[in-house]
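Peer 1: Residue numbers (this note's numbering), protein chains in the order written: chain Z, 8 to 429; chain H, 207 to 467.
Keep in mind that the hints were calculated from the coordinates and are not lab data. All residues carry an ideal CB built from backbone N, CA and C; glycine is no exception. You may find that some hints are simply not true.
Chain H is faced by these chain Z residues, among others (derived, beta-carbon under 7 Å) [unchecked claim]:
#, residue
1, A170
2, R239
3, P241
4, S304
5, A305
6, R317
7, R421
Here are the computed lysine-lysine pairs in the DSBU-like style, where the Cα-Cα straight-line distance is at most 30 Å [unchecked claim]:
#, chain 1, residue 1, chain 2, residue 2
8, Z, K206, Z, K231
9, H, K437, Z, K231
10, Z, K247, Z, K206
11, Z, K206, H, K335
12, Z, K290, H, K437
13, H, K274, Z, K290
14, Z, K70, Z, K398
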Amino acid sequence: MTTEAQTPEAQAEIVGQDAASVPAEEPPRSLGGRIVDNVKSGNLGILPIVIGLAFIVAFFSFKATNFFTADNFNNIIVQMTGTTMLAFGVVFVLLLGEIDLSIGYLSGIAALTVAELQLPGSGHQYPGLVAIVIAVGLCTFIGGVQGSIVALVGVPSFVVTLAGLLIWQGVILQVLEIKGVIVIQDAWINDMAVYHFSKSAGWIIAAAVTGLYAIGTLGSILGKRRAGVANRNPFLIGAKILGVAVACFGTVAICNHANVPNGLPLAGVLVVIFLLGLTFLAKRTPFGRHVYAVGGSAEAARRAGISVARIRILVFMISGGMAGVGGVILAARLNSVDLNVGGGTLLLDAIAAAVIGGTSLFGGRGEVRSGLIGALVIVTVSNGLDTAGYKTGTIYIVTGVILLLAVTLDTIARRLQVRSGR
Amino acid sequence: MSESRLLQIRGLSKSFGSVQALTDVDFEVRDGEVMSLVGDNGAGKSTLIKCVAGIHGYDDGEIDFDGKRVHIHGPKDAAKLGIEVVYQDLALCDNLDVVQNMYLGRETRDWLFRLNEPAMEQRTAETLKSLAVTTIRSIRQPVASLSGGQRQSVAVAKAVQWNSRLVILDEPTAALGVAQTEQVLALVRRLAERGLAVVLVSHNLHDIFEVATRITVLRLGRNVGVYEREKTTQQEIVQAITAGAPTKVSGIPAAAEAPAS
Chain Z
8 MTTEAQTPEA QAEIVGQDAA SVPAEEPPRS LGGRIVDNVK SGNLGILPIV
58 IGLAFIVAFF SFKATNFFTA DNFNNIIVQM TGTTMLAFGV VFVLLLGEID
108 LSIGYLSGIA ALTVAELQLP GSGHQYPGLV AIVIAVGLCT FIGGVQGSIV
158 ALVGVPSFVV TLAGLLIWQG VILQVLEIKG VIVIQDAWIN DMAVYHFSKS
208 AGWIIAAAVT GLYAIGTLGS ILGKRRAGVA NRNPFLIGAK ILGVAVACFG
258 TVAICNHANV PNGLPLAGVL VVIFLLGLTF LAKRTPFGRH VYAVGGSAEA
308 ARRAGISVAR IRILVFMISG GMAGVGGVIL AARLNSVDLN VGGGTLLLDA
358 IAAAVIGGTS LFGGRGEVRS GLIGALVIVT VSNGLDTAGY KTGTIYIVTG
408 VILLLAVTLD TIARRLQVRS GR
Chain H
207 MSESRLLQIR GLSKSFGSVQ ALTDVDFEVR DGEVMSLVGD NGAGKSTLIK
257 CVAGIHGYDD GEIDFDGKRV HIHGPKDAAK LGIEVVYQDL ALCDNLDVVQ
307 NMYLGRETRD WLFRLNEPAM EQRTAETLKS LAVTTIRSIR QPVASLSGGQ
357 RQSVAVAKAV QWNSRLVILD EPTAALGVAQ TEQVLALVRR LAERGLAVVL
407 VSHNLHDIFE VATRITVLRL GRNVGVYERE KTTQQEIVQA ITAGAPTKVS
457 GIPAAAEAPA S
């Protein structure tokens, strides 16, 4: 579409060095026009996935009697939290065009650490919060070590983290073969997954999140206006704030309506906190900008004076840290740690979530929120099939088909983008 | 003439293992001139500019910048001196927009350590305007969607917005059509008019004769001549490129025979 703007007249102007012809301020485009523009340039955004999710929800509402209930909604939030946390970390790694296969069992290491550190009578019992901090810190450190091998030595991340997958699985087996199951009794740790806010606290949280979003958005509008830079369509900004408000208050309303468990789950609030924090990191800080740059072209980033190795190591630390957070929440949900911790489809679900949500495997393209959206799709599908009485095999097949569809759509969009540019 | 000499290289040598890429090369650029660097493939053009840009170390030789002896050990040293290089492959991130690319690695932040987007966007618009780069519809579109000439313009604008004094352009028109080449050459002329020293590496003699003030010819890693554009012909340059003898000619002082330091 930009090449079309390159009309002969425009060319003639340049050749004639008509310095007076300043680029005309782009008029704010209508919402419909923007969507058409975006789709043409291969940026489908979250639209297809939201439509898909609506279909999935509608389908299971008819198929299973107890799917479309407030209780199950509340349940899904807690179910998806662990995978979502891992997926947030995966988004950063994918933005670099790397992969981290170790996060599944790394989350198991966090679960094991936190369970071991809260064990009464073990001689090394710590308060729940301290245990959580140590477990997440350990995983961040391990991520940093793996990242250093990738960034400084130059071993492909696939190999390093595959080795990590085997090593951390081995460590978990070695420890738990002797101990069997470790039960988590510490209330602080278990609350990560089982605590639900009271009704009024839920409303206050919804209001706070909406308010913060609105203040942040208005602040950036004022900043742009002060600098004399074009703002986006005001209707679109208004619609976005309204959308966030509806999502927040709607979620709290449904959670408060649920019987068992009643109220907004702490796990859901943690997801929102990490979503906002990591989105800020990715979009509003130089570090995040550099992550996108390294993923887009490592050579260009290096020439711009960015320390590519530093960015790589930090991203693997984020990935490890988020695996740690997810691992603690998953352990808290089960109140225990056993031999299966960190295994199963956790790793692949997390990667699939990030990809389904629209993050590219080739680096440089994606958003933190895609981890949340993808995890929502995966967990909703598996929860729906489960409630409708399907077996595990069906769940895997359907998840696989959705992953394939999402990536195919994304690839087609990319090809359109290449065609529309240059 | 010597007081306006911004970059002066004497006796630069560089080898990659057993391959002698540069042998005792002299090179100079003055403020406000477009110095063209030409030579056949493998003549050492890229190696020379990479030495100046700090990408390669050099084995031997002296580099004076603005009258002072300098040692360039990395891209950051070069940037600190005000030397900016626009590479053949542009070194732009396709997935980032124009503003993000212009400020890559030197983002401005506000008091909350957030990226100061409005300020960056405003200054980018000003820079592009001052260089009369007017075809870019929106500076918030990804670089991937720009045409070759537009990309080249962004790369050049990125190089000059940091108070740079010497801009090195490596084959800036190699992949461009006629109109876009014209656009980039006009930009090169504007840089020199602003008083910047410009080094233009190119294969295209037509382009060179359109914008260059002087022409340095390299052949097999040696300097075979410096020519004033006004006083030479394309034929003479072609002759020098293909068969020039390594002599130190007009414009280069005799002191160029620098001892190994």
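Peer 1: Take the shortest C-beta to C-beta distance between S304(Z) and chain H; is it under 7 Å?
Peer 2: Hint on S304(Z): holds, closest Cβ of chain H at ~5 Å, below 7 Å.
Peer 1: Below or equal to 30 Å on CA atoms is what counts here, so check K206(Z) against K335(H).
Peer 2: 56 Å, violated
Peer 1: Mind checking the CB of A305(Z) against every CB in chain H and telling me if the closest is under 7 Å?
Peer 2: With a closest approach of 9 Å, the A305(Z) hint is violated.
Peer 1: Between K70(Z) and K398(Z), does the CA-CA distance stay at or below 30 Å?
Peer 2: 15 Å, holds
Peer 1: Any CB of chain H closer than 7 Å to the CB of R239(Z)?
Peer 2: 10 Å, violated
Peer 1: Identify whether the interface hint at P241(Z) stands, where standing means a beta carbon of chain H within less than 7 Å of its own.
Peer 2: 16 Å, violated
Peer 1: For the pair we were handed, K290(Z) and K437(H), check the Cα-Cα distance against 30 Å.
Peer 2: Given pair K290(Z), K437(H) is violated - Cα atoms ~54 Å apart, limit 30 Å.
Peer 1: Need the status of pair K274(H), K290(Z): alpha-carbon distance at most 30 Å?
Peer 2: The given pair, whose Cα atoms are some 42 Å apart, is violated under the 30 Å limit.
Peer 1: Can the restraint linking K437(H) and K231(Z) be considered satisfied, given a maximum Cα separation of 30 Å?
Peer 2: 53 Å, violated
Peer 1: Under the criterion of a CB-CB separation shorter than 7 Å, is R421(Z) in contact with chain H as hinted?
Peer 2: 10 Å, violated
Peer 1: Can the restraint linking K206(Z) and K231(Z) be considered satisfied, given a maximum Cα separation of 30 Å?
Peer 2: Violated, at roughly 38 Å.
Peer 1: For the restraint on A170(Z), tell me whether the closest CB of chain H is nearer than 7 Å.
Peer 2: 30 Å, violated
Violation of the numbered hints given earlier is confined to hints 1, 2, 3, 5, 6, 7, 8, 9, 11, 12 and 13; the remaining hints are satisfied by the structure.
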